[in-house]
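Chains as they are written, first to last, in numbering that gives the first Met the number 0: chain E, 0 to 207; chain Z, 0 to 251.
These aren't lab readings, by the way, just hints derived from the structure by calculation.
Values in this document were obtained by computation on a predicted structure and should not be read as measured data.
For each residue, glycine too, the CB sits at the ideal point set by N, CA and C.
Mixed in with the good hints there might be a few duds.
To be verified - Derived DEER-like restraints, expressed as beta-carbon distance ranges:
| no. | chain 1 | residue 1 | chain 2 | residue 2 | range |
| --- | --- | --- | --- | --- | --- |
| 1 | Z | I237 | E | G71 | 41 to 49 Å |
| 2 | E | R87 | Z | K147 | 46 to 54 Å |
| 3 | E | Y124 | Z | K147 | 46 to 54 Å |
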Amino acid sequence: MIGIIDYGMGNLFSIRKALERLDVEHFISDDKRALMHASGLILPGVGSFKKAMVHLNQLGFTEMVKQYAEQGKPLLGICLGMQLLFERSDENGHTTGLGLLPGKVRRLDHSLAYKVPHMGWNNLYYARPSRILSELDEDFVYFVHAYYVDTDDPDVMIASCHYGIEVPAIVGKKNIIGMQFHPEKSGQLGIKLLRNFTEVVVGRGKAV
Amino acid sequence: MLTKRIIPCLDVKDGRVVKGVQFIDLNDVGDPVELASYYDEQGADELVLLDISASLEGRKTMIDVVRAVASELTIPFTVGGGINDLEDIKSLLRAGADKVSLNTAAVNNPNLISEGARFWGTQCIVVAIDAKFDKQLGSWVVYIHGGKKQTRLEVAQWAREVVMRGAGEILLTSMDQDGAKNGFDIALTKYVSEATSVPVIASGGAGEAEHFQEVFLKGRANAALAASIFHYKETSVIEVKDYLRRAGVHVR
Numbered sequence: 000m001i002g003i004i005d006y007g008m009g010n011l012f013s014i015r016k017a018l019e020r021l022d023v024e025h026f027i028s029d030d031k032r033a034l035m036h037a038s039g040l041i042l043p044g045v046g047s048f049k050k051a052m053v054h055l056n057q058l059g060f061t062e063m064v065k066q067y068a069e070q071g072k073p074l075l076g077i078c079l080g081m082q083l084l085f086e087r088s089d090e091n092g093h094t095t096g097l098g099l100l101p102g103k104v105r106r107l108d109h110s111l112a113y114k115v116p117h118m119g120w121n122n123l124y125y126a127r128p129s130r131i132l133s134e135l136d137e138d139f140v141y142f143v144h145a146y147y148v149d150t151d152d153p154d155v156m157i158a159s160c161h162y163g164i165e166v167p168a169i170v171g172k173k174n175i176i177g178m179q180f181h182p183e184k185s186g187q188l189g190i191k192l193l194r195n196f197t198e199v200v201v202g203r204g205k206a207v
Numbered sequence: 000m001l002t003k004r005i006i007p008c009l010d011v012k013d014g015r016v017v018k019g020v021q022f023i024d025l026n027d028v029g030d031p032v033e034l035a036s037y038y039d040e041q042g043a044d045e046l047v048l049l050d051i052s053a054s055l056e057g058r059k060t061m062i063d064v065v066r067a068v069a070s071e072l073t074i075p076f077t078v079g080g081g082i083n084d085l086e087d088i089k090s091l092l093r094a095g096a097d098k099v100s101l102n103t104a105a106v107n108n109p110n111l112i113s114e115g116a117r118f119w120g121t122q123c124i125v126v127a128i129d130a131k132f133d134k135q136l137g138s139w140v141v142y143i144h145g146g147k148k149q150t151r152l153e154v155a156q157w158a159r160e161v162v163m164r165g166a167g168e169i170l171l172t173s174m175d176q177d178g179a180k181n182g183f184d185i186a187l188t189k190y191v192s193e194a195t196s197v198p199v200i201a202s203g204g205a206g207e208a209e210h211f212q213e214v215f216l217k218g219r220a221n222a223a224l225a226a227s228i229f230h231y232k233e234t235s236v237i238e239v240k241d242y243l244r245r246a247g248v249h250v251r
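Chain E with its partners taken away, still in its complex shape (with noise of 0.2 Å):
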């Protein structure tokens, strides 16, 4: 049965059918207890970073989500949700975050050929073999995001997009995935790579 975190930040409707979909068990819940149940947890998100970390922390999720990632149970951030992973955020001054993963967010710059937010279907290049590639070719996924992932730990880097810059867009290590476009809202390619997750968390293994 995979969690999906409740905590005010996201857009669940589109997350919840496209699971529904795949005809995979899962509950959406604010319940801690229920959450650390589950076999898998993913954590969504759209909107400021500071704000979503408020919540986490008010709600007491920040611990709750760092204990069961230490469990070694497959957790997944989406989109914002994929951010709040990392160490912490230059988004309104500085923001911790749940440092599961080795890497700062910082704004994109913008200009005429790159608009921010990076809004739309980009190129998914994939940059080493992954289980949560299983079987998938590249292919374009939806983006819209105005931050974006700076890490210095190459090993982190699974799929990448450009846009200006190299922007992460799969990140992981061992059983913490994040992707920063939203596989829900990304037609074929974006189903598959959420069936390779519940698929991780069948077999409970490490999700990269």
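With the hints as your guide, set chain Z onto chain E.
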């Protein structure tokens, strides 16, 4: 590389898709869920649903339409029309919309843009601007109430203000070109795109595939929207994208 987006638009009145020509003369062209799935399969990059219902009852129907469309789509979609306050935005996002598009309400109450962006993030606040050329001014003026009421706002000034307030995208409709099918307003689109840091969706005037190439390359649009040429199958999303690929425009 980021692709240029092709966005079919469904004008919805009392739960059914209709399309006006120059904002008048409505013809019923179908069921929103059916059309939405059809465009998703055709390779549309996003969808826009505009609620043009006049009655409160029609507005309520829209929530059900949004929920039904969201359940079928694998691509993002924006909902606009008749959004007046934060509660309206909240109920549409809850029903499954990815973005909301503000038009008249943004002009009457610009704080709605800032507050919406603060609550849900800039990525889900689109500001729709209907603009018409004004000879005296020598530029384009913003219209509200579905093109019926002229404002004193100059289009680029307004565009910059909405971005400053947190709009993540601008849906720019040329009232001079809308329904004429002889091409997008290149000058207007280029003008607004160069004046702002966020993506611009060009709208109004699409008649054939070549028009999309023109608005992407000369008009510097990031996305282009069309309704009737797709609804009446004068061309298709597939045909437009094939044409663009051959012309060297990067599409999905």
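Comparing the hints with the structure gives:
{"no.": "1", "hint": "Z:I237 <-> E:G71: 41 to 49 Å", "in the structure": "holds (45 Å)"}
{"no.": "2", "hint": "E:R87 <-> Z:K147: 46 to 54 Å", "in the structure": "holds (49 Å)"}
{"no.": "3", "hint": "E:Y124 <-> Z:K147: 46 to 54 Å", "in the structure": "holds (48 Å)"}
When held up to the earlier numbered hints, the structure conflicts with none and fits them all.
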